[in-house]
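Participant: Dock chain Y against chain L, hints included.
Protein chains: 2
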Amino acid sequence: MSKAEIPRKSIYRLSIYQRCLHKLLENEVETVSSEALASAAGVKSTQLRKDLTYFGQFGTRGLGYNVKALSNVLNEVLGTTAYQPVILVGVGNLGAALLRYSGFNKEGFEISAAFDANPVRDRRLNGLKTPVYPVDRMCEFIRSKHVRMAILAVPGNAAQPVVNDMVESGVQAILNFSPTVLQVPEEVTVNSVDLALELENLSYFVR
Amino acid sequence: MSKAEIPRKSIYRLSIYQRCLHKLLENEVETVSSEALASAAGVKSTQLRKDLTYFGQFGTRGLGYNVKALSNVLNEVLGTTAYQPVILVGVGNLGAALLRYSGFNKEGFEISAAFDANPVRDRRLNGLKTPVYPVDRMCEFIRSKHVRMAILAVPGNAAQPVVNDMVESGVQAILNFSPTVLQVPEEVTVNSVDLALELENLSYFVR
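Line order of the protein sequences matches chains L and Y.
Residue numbers for the first sequence follow the numbering used here, so the first one is 424 and each next one is one higher.
Residue numbers for the second sequence follow the numbering used here, so the first one is 424 and each next one is one higher.
Quick caveat, the hints were computed from the structure, so don't treat them as lab data.
Any given hint could turn out to be false.
Dumping the calculated DSBU-like pairs for lysine-lysine here, alpha-carbon to alpha-carbon at most 35 Å [what the hints assert, rightly or not]: (1) Lys-467/Y <-> Lys-467/L; (2) Lys-467/L <-> Lys-491/L; (3) Lys-473/L <-> Lys-432/Y; (4) Lys-467/L <-> Lys-432/Y; (5) Lys-432/L <-> Lys-467/Y; (6) Lys-473/L <-> Lys-467/Y; (7) Lys-473/Y <-> Lys-432/L; (8) Lys-467/L <-> Lys-473/Y; (9) Lys-552/Y <-> Lys-552/L.
Just so you have them, the derived chain L footprint on chain Y, three or more residues with Cβ under 8 Å [as the list claims (entries may be wrong)]: (10) 429-441; (11) 461-472; (12) 518-524; (13) 564-574; (14) 594-606.
From the three backbone atoms N, C-alpha and C, an ideal C-beta is built for every residue, glycine too.
Here chain L stands alone, though its shape is the one from the complex (with noise of 0.2 Å):
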């Protein structure tokens, strides 16, 4: 089956599943029924049954999963066992927020570098391990490198521009933070959070 068939959802449980069977592998439990590692990742033992089919036969009945093993194959399957150079471009508040954010070094990615329309020495990048560059050098970073990953967090009227020549460049994948809809060539991916958007919507739960 190729990429492009297997639902993205499920792609996207599989990075769930994953996060937790390194609590289980930290934990050194060695094996986990689907019913538990469901219930833990906040889904029903039929989906994750069915999501892990597309990747090939996993557990033994009665027995459930092992976890070295599973977490083994996704990591494969996602792709998280090679280096995967990223760049940040946009470093206002969020963006900057977002090179310091701890949880992207556990999970094994490392932002290589930054780009900014204006990159002053202010108060809000200090201590910044990750060097910030003019993104007038963004295209040549991304061709010497093979960055292939890139995080957006410009501002919106900014964002299709800069995108544009990312994808010229090399970049295949997006995680946007920028609050507007990016037009980008079928092959490329992109992971949208919309933080205001998010809020707005809860808004509507509340009664």
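Facilitator: Coordinates of chain Y only, in the frame set by chain L:
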């Protein structure tokens, strides 16, 4: 139709439509076709029309939607006409950035107060307009100010106890940035934004 029967995805897309309508209003556009609005929102026009049918009959065949009228209806549906106090719990790097993030204000939200286990006045909090209180004052604040919405940005292992307190005090909707699956009663809504997971998920799509 009750709120519970309307797909959450449809509610989510209403916020996206609303943002597009706001842009049209800014540009003094009076009517918009369903095709044009759908395209700006990054969805198919059949999807847009279906989403709107949950809330009434809109638009005139051949003329499209009246931008102002549709925007007003969506405001009503989404509850964004009423002021909603929002609190933020966990003022680490990410929490502090969210307090500074101007995007929330632009969409009509203001964070009334923030809480942290250790609300020291460090450099990170310099210049913040939002007061930061010790977390043991959270429950009282929620009750006295009738807070129904909260943003959670505490470390994963601290999240569930904080959520239990929030929910007991009256919070009905949580925007969760903590990398963990939260257990909440059925009537409480959680939108989770897991930044590392989003990035990990993208690495799958890099060839």
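Participant: Compare the structure with the hints numbered earlier in the document and write down the numbers of the violated ones, lowest to highest.
Facilitator: none
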